[in-house]
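Work out the full structure: start from the sequences and follow the hints.
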Amino acid sequence: MWEQINILLVDDDPAEELILGSLMSKVKNYRIKMHYCGDIDSATSFLKDNSNIFMVLLDNRLGPGEDFRATAPKLRQAGFIGPIGVISSSLTDPYFQKIEDYGADFRLDKAEFDPTAVEFIIREYRGQTEPSE
Amino acid sequence: MLEGKDVGTSNNNWCVSDYYGELSKALNRVDFFRIFHAIALKHKFDHFMILKLFSDSATPTLSDQLELHDLPPGLAEEYDARFSFGESRLFKTLQDATLPTKWTDNDTSKDLLMQQLGFEFALCLPVHGANGSRFAFIFLGDRDAPELAETQELYYNAGYCFDFYFRNVLANKKGMGLTAREMEILKWISHGKTASEIALIVSVSEHTVNSHTATILKKLDVVNRTQMVAKAIREQIIS
Numbered sequence: 000m001w002e003q004i005n006i007l008l009v010d011d012d013p014a015e016e017l018i019l020g021s022l023m024s025k026v027k028n029y030r031i032k033m034h035y036c037g038d039i040d041s042a043t044s045f046l047k048d049n050s051n052i053f054m055v056l057l058d059n060r061l062g063p064g065e066d067f068r069a070t071a072p073k074l075r076q077a078g079f080i081g082p083i084g085v086i087s088s089s090l091t092d093p094y095f096q097k098i099e100d101y102g103a104d105f106r107l108d109k110a111e112f113d114p115t116a117v118e119f120i121i122r123e124y125r126g127q128t129e130p131s132e
Numbered sequence: 000m001l002e003g004k005d006v007g008t009s010n011n012n013w014c015v016s017d018y019y020g021e022l023s024k025a026l027n028r029v030d031f032f033r034i035f036h037a038i039a040l041k042h043k044f045d046h047f048m049i050l051k052l053f054s055d056s057a058t059p060t061l062s063d064q065l066e067l068h069d070l071p072p073g074l075a076e077e078y079d080a081r082f083s084f085g086e087s088r089l090f091k092t093l094q095d096a097t098l099p100t101k102w103t104d105n106d107t108s109k110d111l112l113m114q115q116l117g118f119e120f121a122l123c124l125p126v127h128g129a130n131g132s133r134f135a136f137i138f139l140g141d142r143d144a145p146e147l148a149e150t151q152e153l154y155y156n157a158g159y160c161f162d163f164y165f166r167n168v169l170a171n172k173k174g175m176g177l178t179a180r181e182m183e184i185l186k187w188i189s190h191g192k193t194a195s196e197i198a199l200i201v202s203v204s205e206h207t208v209n210s211h212t213a214t215i216l217k218k219l220d221v222v223n224r225t226q227m228v229a230k231a232i233r234e235q236i237i238s
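Protein chains in written order, with numbering that gives the first Met the number 0: chain G, 0 to 132; chain W, 0 to 238.
Read the hints as simulated data drawn from the structure, not as lab findings.
Values in this document were obtained by computation on a predicted structure and should not be read as measured data.
Keep in mind that the hints are not guaranteed to be accurate.
Distance condition first, Cα-Cα at most 25 Å in a straight line; then the derived SDA-like pairs of lysine to any residue [as the list claims (entries may be wrong)]: (1) G:Lys27 <-> W:Lys43; (2) G:Lys27 <-> W:Asp79; (3) G:Lys27 <-> G:Arg125; (4) G:Lys97 <-> W:Trp187; (5) G:Lys97 <-> W:Phe165; (6) W:Lys218 <-> W:Leu177; (7) W:Lys41 <-> W:Asp79; (8) G:Lys47 <-> G:Gly20.
Label-pair ranges, simulated between beta-carbon atoms [said to hold, decoys possible]: (9) W:Asp143 <-> G:Asp92: 35 to 45 Å; (10) W:Ser83 <-> G:Asn49: 43 to 53 Å; (11) G:Asp40 <-> W:Thr58: 23 to 33 Å.
Even glycine gets a Cβ: it sits at the ideal position worked out from N, Cα and C.
What follows is the structure in structure tokens.
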């Protein structure tokens, strides 16, 4: 039986839900259920109501002048402690070197999204357990 | 910034310049995974794996020796359930020599590993970290053996890229100072908070808290969180 992984996509472009949803369906060994929110406020509400979300994929720019430096902390303030991945069509801006300072865990170019990368990320972030006392 | 950056930015068409910008910005295992995965695909391989060539076990398994890889999920575990990786000719050869080697599935007199894993070809490129620890970059796929020039390019790139990976991800940072974020996490650990509680307080993921905790353990050269706090108090890192 494949394990179900719940992933929340936060992106202001609904087409991305279709594109990433299609890609997620090709991931082997995990049954991915993708949820979608189009803005950060609905995402924080969704996370408060759904504690089973394993990971959030956060589009860098959800609106004019609003990048992950403003939105990722809002997800943390909503109590989400799972991995947050920032996705963007370009990772060249210098602030992408500071993802951890804003509560994000990794960044991924949308062009690099493939089933192998998704499988690796799930394995990477599911595998680590709390160090022993 | 590294001395010798010019090596990666020369006009030589087989140097690592394509990756230098990415390597110098890579922050974590996901970033290095992206780079190594891209190198494998660029050269028409299906997968890569970085293998540790040292083991504390008398019977090393493929799963235990894998440091970073993009193999299909479960493949290494399935292999280990049926075969002994420590007995494979490929692993033994990597123990005995530092030469790049090529392995195919149709030369079963040499090794059965390729057949057992289900790949037609593998290129093994031994590399090492600054402390001398040995690893191997292995590219796998259903392609023909590369010509000498492409092998040289991959060998050069593997060594170049691994050095970045080793220094940024694998190097033991024992003795180095704690960062501000590590100090903050150490303080909350000393207050008895769990990783999930610290994640909420500090506004990062639980994974990040655990990652910082593992780094603090290394830097303080201790084995658990109790000893970590005791040593931090003893050394007056926290009061």
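These are the hints, each one checked on the structure:
Between the alpha carbons of Lys27 (chain G) and Lys43 (chain W) the distance comes to roughly 21 Å, so the proposed pair stays at or under 25 Å and holds. Simply put, Lys27 (chain G) and Asp79 (chain W) have alpha-carbon atoms about 20 Å apart, close enough for the 25 Å limit, and the pair holds. At roughly 16 Å between alpha-carbon atoms, Lys27 (chain G) and Arg125 (chain G) fall within 25 Å of each other, so this suggested pair holds. Note on Lys97 (chain G) and Trp187 (chain W): the hinted pairing holds, with a Cα-Cα distance of about 22 Å set against a maximum of 25 Å.
With a C-alpha separation of about 21 Å, the suggested pairing of Lys97 (chain G) with Phe165 (chain W) holds against the 25 Å cut-off. Restraint check for Lys218 (chain W) and Leu177 (chain W): the C-alpha separation of about 7 Å stays at or below 25 Å, so the hint holds. At most 25 Å may separate the alpha-carbon atoms for a hinted pair to count; Lys41 (chain W) and Asp79 (chain W) exceed this at roughly 29 Å. Restraint check for Lys47 (chain G) and Gly20 (chain G): satisfied, since their Cα atoms lie roughly 23 Å apart, inside the 25 Å limit.
The hinted range of 35 to 45 Å is satisfied by Asp143 (chain W) and Asp92 (chain G), whose Cβ atoms lie roughly 40 Å apart. For the pair Ser83 (chain W) and Asn49 (chain G), the supplied restraint of 43 to 53 Å holds, since their beta-carbon distance comes to about 45 Å. The supplied range of 23 to 33 Å is broken by Asp40 (chain G) and Thr58 (chain W), whose beta-carbon atoms lie about 54 Å from each other.
Checked against the numbered hints above, the structure breaks hints 7, 11 and satisfies the rest.
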